[in-house]
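**Student:** If you read the protein sequences in the order shown, they are chains A and B.
Positions 1482 to 1606 (the numbering used here) are the ones given, in order, by the first sequence.
Positions 1482 to 1606 (the numbering used here) are the ones given, in order, by the second sequence.
Honestly, the hints are just simulated from the structure, not real lab data.
Just so you know, not all the hints are guaranteed correct.
Counterexamples of contact, computed for chain A against chain B with all Cβ distances above 10 Å [to be verified]:
id, residue
1, Arg1534
2, Glu1550
3, Lys1560
4, Asp1574
Cβ pair distances, simulated, as ranges [claimed, not checked]:
id, chain 1, residue 1, chain 2, residue 2, range
5, B, Ser1522, A, Ala1590, 23 to 33 Å
6, B, Pro1557, A, Arg1570, 36 to 46 Å
7, B, Arg1581, A, Arg1486, 17 to 27 Å
Just so you know, even glycine gets a beta-carbon here, dropped at the ideal spot from N, CA and C.
What follows is the residue order along each chain.
Number of protein chains: 2
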Amino acid sequence: MKLRRSDHLCPNFQAALDILARPWNGLIMATLADAGSLRFSALREQLAAMGDRMLSLRLKELETRGLVERRVSPGPPVKVDYALTELGRGFGDVSAALGRWGQRVNAAATPPPRRGNGGRRRPNP
Amino acid sequence: MKLRRSDHLCPNFQAALDILARPWNGLIMATLADAGSLRFSALREQLAAMGDRMLSLRLKELETRGLVERRVSPGPPVKVDYALTELGRGFGDVSAALGRWGQRVNAAATPPPRRGNGGRRRPNP
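With the sequences and hints as input, model every part of the structure.
**Tutor:** Next up, the structure:
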């Protein structure tokens, strides 16, 4: 992948953006933030169009970056689940800001209800 | 492109994330936010690895979503520049949150300086 970067922008902003610019990362982190922790299969169920291989790849990347931790509880049967690290939970502020801005984006994409006669149906003559 | 979406997450959050999950969009908006307005060539110069075709495609998408406006000043020569709309400027809050989180992400990726002897070089014997 070509490096997407600008020498004119803040490196901190770009580091965070780089995480979200990869497919699924934002959805994975938000899902883990809501759930606290999830097993692989439960996480994948919440991300309908995502395959096992892609989820596995993304989770490994997020682990390498210190955002997600893979927790193994000794068995039998061995249980493995995934949760955000403290650094990963820092995504919460970004997520809240995205929600507020997204509300405006969605509102702008939805045509306003027709007014005309104040929204009332005309009485039949 | 397959639809990346989760039925369990806030649609507003997902609408905003969807904008940033496309390559370059965050960098284009942040560059326009810093500069106020830019001509096509000046914008591309700040995004070194980006080709004309990709920039043109992204700008059209951002225009369609009401985030960027293309402004034409009558000539000759005709001048065209690009700026964020009011909705696009709403990205500012997201961008600030990304910067704060990215600072922590970058700090975690950088190994702390070695301590050992308090950072002082040992005097030569």
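**Student:** Evaluate each hint against the coordinates.
**Tutor:** Evaluation of the provided hints:
For A:Arg1534, the non-interface assignment is confirmed: its Cβ lies about 14 Å from the closest Cβ of chain B, beyond the 10 Å cut-off. No beta-carbon of chain B is positioned within 10 Å of the beta-carbon of A:Glu1550; the least distance is around 13 Å. With a closest Cβ-Cβ approach of about 22 Å to chain B, A:Lys1560 is found to remain outside the 10 Å limit, as its non-interface label requires. The non-interface label for A:Asp1574 is inconsistent with chain B: the shortest C-beta to C-beta separation is roughly 5 Å, within 10 Å.
Checking the proposed 23 to 33 Å range against B:Ser1522 and A:Ala1590 shows it holds: the Cβ atoms sit about 30 Å from each other. Distance hint check for B:Pro1557 and A:Arg1570: the Cβ-Cβ separation is about 56 Å, which falls outside the suggested range of 36 to 46 Å. At roughly 19 Å, the beta carbons of B:Arg1581 and A:Arg1486 sit within the given window of 17 to 27 Å.
Hint compliance for this structure: hints 4 and 6 are broken, all remaining hints hold.
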